[in-house]
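Using the sequences provided together with the hints, build the complete structure.
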Amino acid sequence: MSHLIPSSILPLVVPVLCAVVIVLVLPLLAGYIVLVERKVMAGMQARLGPMRVGPHGLLQPIADALKLVLKEDIIPARADKVMFWLAPLVSVTMALLAYSALPIGPAFQIADLNVGLLFIVAVSSLGIYGIVLGGWASNSHYSLLGAMRSAAQLVSYETAGGLALASVLLLAGSLSMKDIVQAQLDQGIWFAFYVPFGFFIYLVASIAETNRAPFDLPEADSEIVAGYMTEYSGFRWSLYFLAEYANMIIVAGIATTLFLGGWLRPLARYRDHFPGTSVELLDAVPPLLALAVALYCFHLAPKQPVKIQKLVMAGAGGACAVVALALAGALFAPASVMQGVHGAFWFLLKVFTYIYAFMWFRFTFPRYRFDQLMRLGWRFLIPLALVNVIGVGIAIVLREQFDWNPFLSLVPTTLATLGVAMWLVNDDAPAAAANLEATIAQSGDGE
Amino acid sequence: MKAERETAAFGNAQNVETTVLGADEIILNMGPQHPSTHGVLRVKLRLDGERVVDSECIIGYLHRGVEKIAEHRSYQQFAPYVDRMDYVAAVSNGLGYCEAVEKLLGAEAPLRARVVRTILTELQRIASHLLWLGTHALDIGALTPIFYAFREREEILKIFEKYCGARLTTHAFRIGGLQYETYDTFERDVKRFCDDLGRKIDEYETLLTANRIWLGRTRGVGVLSAADAIALGVTGPALRASGVKWDVRKAMPYAAYDRYEFDIPTRDSGDTYDRYSVRIEEMRQSRRICLQAVEDIPGGPIMARIGKVLKPPPGEVYHSVEGPKGELGYYIVSDGTIQPYRVRVRPPSFLNLQAFQRMAKGAMIADVVAIIGSIDIVLGEVDR
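So the protein lines, in turn, are chains F and Y.
Residues in the first sequence are numbered from 1 upward in steps of one, following this note's numbering.
Residues in the second sequence are numbered from 1001 upward in steps of one, following this note's numbering.
Rather than coming from a laboratory, the hints here were simulated on the basis of the structure.
Any given hint could turn out to be false.
What the hints assert, rightly or not - Dumping the calculated DSSO-like pairs for lysine-lysine here, alpha-carbon to alpha-carbon at most 30 Å:
#	chain 1	residue 1	chain 2	residue 2
1	Y	K1044	Y	K1103
2	Y	K1311	Y	K1103
3	Y	K1158	Y	K1191
4	F	K81	Y	K1044
5	F	K39	Y	K1311
6	Y	K1200	Y	K1245
7	Y	K1200	Y	K1162
8	Y	K1158	F	K39
9	Y	K1162	Y	K1308
The structure is reproduced here in C-alpha cells:
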C-alpha cells in the first residue's frame, strides 16, 4: 500500500490517523467518564445513579450528547457575540491540541516532541483564555466573577504544579515524554516513589488547574450559579464541558507519564516467562482483567428487565471480550505491537485510577473559599515545591559526585520536605486563629 | 430595529434607579432564582471584588397572605394552613397553633395526646435539622451529606405517613388533641429510628466536624454576638450558638416537655461553625426525648371535650413553641365568633433573617451562602 502514497507525506499518515481517532474518540470518552463519575457519586451517596437509558445507564452519555446538540442555541442579547462564540472553541481546541504530545503507550503518539512536556503544559494553560473570554463576553456578573476566580487560580497553581514537574525533569534529564518513561524503566522505579512530595503537589495542583472540587470555585454552583458557564447552554456549553474533561485526562496523563511510570507495567523489570514460551507471566494480567469484566457483563445481562437492555448489556460484555482477545492476541504478536497494545492498556488504567481519585475527593470534601485557596497555593504548595526541587537537586549532586545510592540520596530530601510541610501546616493554624480573633473584634466594633 | 427590540426587552433604561458606585464595586443580585438562597430569597450584594461591602435582603416572593386567610376561616379550618408556612416542619407549626387555640378556649389536650405530640414534634425537629444539614453542607460544597441526611429524613416521613397519611404538610394534630390514635407499630418504629440515628449522626460528623476545609469555611464566618442576637430578636439554634441559653421548651414548658430530661446545647463564639454544632447536638437531644417518651406513652383519651363548634370567648392570647428554627409564636385575637378576629404569627425565620445583614458585612461571596445556610430559613415562613 505504501507505494500509493507519495513518500513526502508518508511520515504524516500515522500521526494524522491518531489525531482523527483522538478527536473522534475523546468526546465519547469524556461522556463515559461523566457516566462513571455519576455512578461513583451514586455509590458514595447510597443511591443508584443513571439506570434508565440502557442497562445501568450505559447509553446515558449518548442521550445527553443528543439532547445538548438539539438544544436551542442562546446568545444573551447584550453579550459580545464574537467573543461569546469564540471562547468555548479556544478552550476545546487547546485541550485537544495538548493530546498531540501525549504518549498513550509507546506506539500511539501523534508527535514525540523533544520538549513534549513543555508543549503540553503551555498549550493546556492557554485554555484559560477560553474561560476568561467566555466569562467576560457573557456580560453577566456571575460569569465575570467565575472568570476572575479562574484566572487567579490557574496562575497560582500552575506555578506549584510546574515546580513539581521540575523535580521529575531533574531526575529524568529530558522533556520528551517518551524519554521520561524510559528513564523510569532504566532507574527501575516510578518517580512517584522517588519524589512523593512532587507527586502530592502535582496531584493537588492538577485538581485545582482542572477546576475540580474542592477547588471548583470558578464554577461553584452554590455561590456563583455556574461561574463562567452561567450564560452558556446547549452545544457551546457542551464544548466547555468537553474541554474540562479533556483537561482532566491531560493532567492525569501527565501525572501518569511523569510519576506513575507511563505505559510501563507494574514490576516492569520482573521478566520471568511462561515455561517454553516468550510470554511474560505478568503480561497475562491485562487479558484476564478484561475477561473478568466481560464475564461480569454476561452475568448481569440476563438480569436486565427489558429485552433490549439484555442485548445491550451482552453487547458490552462482547466488547470487553473482544478487548480481552486483542490483549491476549497481542501476546503472540511481534514485540512492537505487543508493547503498543499492552502499553496503552496500562496507561489508560493508570489514567482512570488517577481520575477516580479526582472523583473520590470531589464527593468527600467541602469547597475552599477563595482566600483560603490562594493561601494554600502561595503559602503552602509553592514553598513546599521549591524545597522539593532544591532537595532533588542536592540529591542528584550527592548521587553523581559522591556516588550515593539513588534511592538513599532522595530520603533526606523527602524527610526535609516533610518537615517543611509540617511546619507550614502548623504555621497556618495560628494565622487562622488570629484571623478569627480579628473577625470577632471587627463584628464587635460594628455595634 | 434590533436595538428597539432590546430596549423593549430590558425596559426603559432611563427609568431604572441608578446608585453611585465606587470605581471597583459591583452590585450582584443573588436570587430570587439562585441555587442556594433556599427558595425565593433575593439578596442584593454590593461587592468590592469578592468582598461584601453591603447587603440587603428582599423578601415577599412567596407571600400568600396566610394571616389574612385566617380571618375568613373557622379555627379548625385554618389549622392546615399553618403547615404551609414552615413547610419542612409542618408538625411544629401545627403544635403551636393548636396549643394557642386551646389556651384561648381554656382547654388542655389529654396527657396521651400531649406525649404523642411531643414525640412527633421532636421527630419533626430532627427532620428539619437533617434537611438543614444536607443543604448547608451542599452550599459549602460537600456534595454527599445531603443524601445521607435525606435517607434518615425519609424514615421520619414514613412514620408521619403511617400516622396520618401525609408526609410533608401533615396536619397531624387537632385543636384539643389528636384525631388519630397511634398505629400499631408506632413505638417500635420510633425506637428503631432513634436507635439508629445516634450512629448516623456520628457518620455525618466524621465527614464534617473535624474537616480542615469545613472548619476553614465556618469558623469565624458570620459572627453574631449575644447582644446583637438579642437586639435583633434572633431565637433558636442561632441564638444558642451565641451563648444565650434560651429554649422555650425549658423556659415555658408546653406539650409534655416537663416530663423528660434533656439539655440545651449552647456555644460561645456565635459563628457558623457553632450554629452547625448546636444543631447537631440538638438532634441528639431530640433523639433522647423521643426515646424517653416512647418508652412510656400513657393511656387515656386523645381528645379533650371541647365540642364541635369552637367559639372561644372574646380575648387574646399569645403562645409560643420552640420550633426547629426558633421561637414560633401565635398571637390570636378572638371576637367571640367561630372565626379568629386576627392571627399574627411570629415566624422565627423572618426574625433570624434580620441578622443576615450584620453577619454578612465584610464577608466574601462564598461566606454569604454559608451564612444564609447557617440561619436556616424557610421562605414560606418568612413571607407567609
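Against the structure, the hints come out as follows:
| no. | hint | verdict |
| --- | --- | --- |
| 1 | Y:K1044 - Y:K1103 | violated, 42 Å |
| 2 | Y:K1311 - Y:K1103 | holds, 13 Å |
| 3 | Y:K1158 - Y:K1191 | holds, 14 Å |
| 4 | F:K81 - Y:K1044 | holds, 28 Å |
| 5 | F:K39 - Y:K1311 | violated, 59 Å |
| 6 | Y:K1200 - Y:K1245 | holds, 27 Å |
| 7 | Y:K1200 - Y:K1162 | holds, 23 Å |
| 8 | Y:K1158 - F:K39 | holds, 27 Å |
| 9 | Y:K1162 - Y:K1308 | holds, 26 Å |
Figure legend: structure checked against the earlier numbered hints; hints not met, in rising order: 1, 5.
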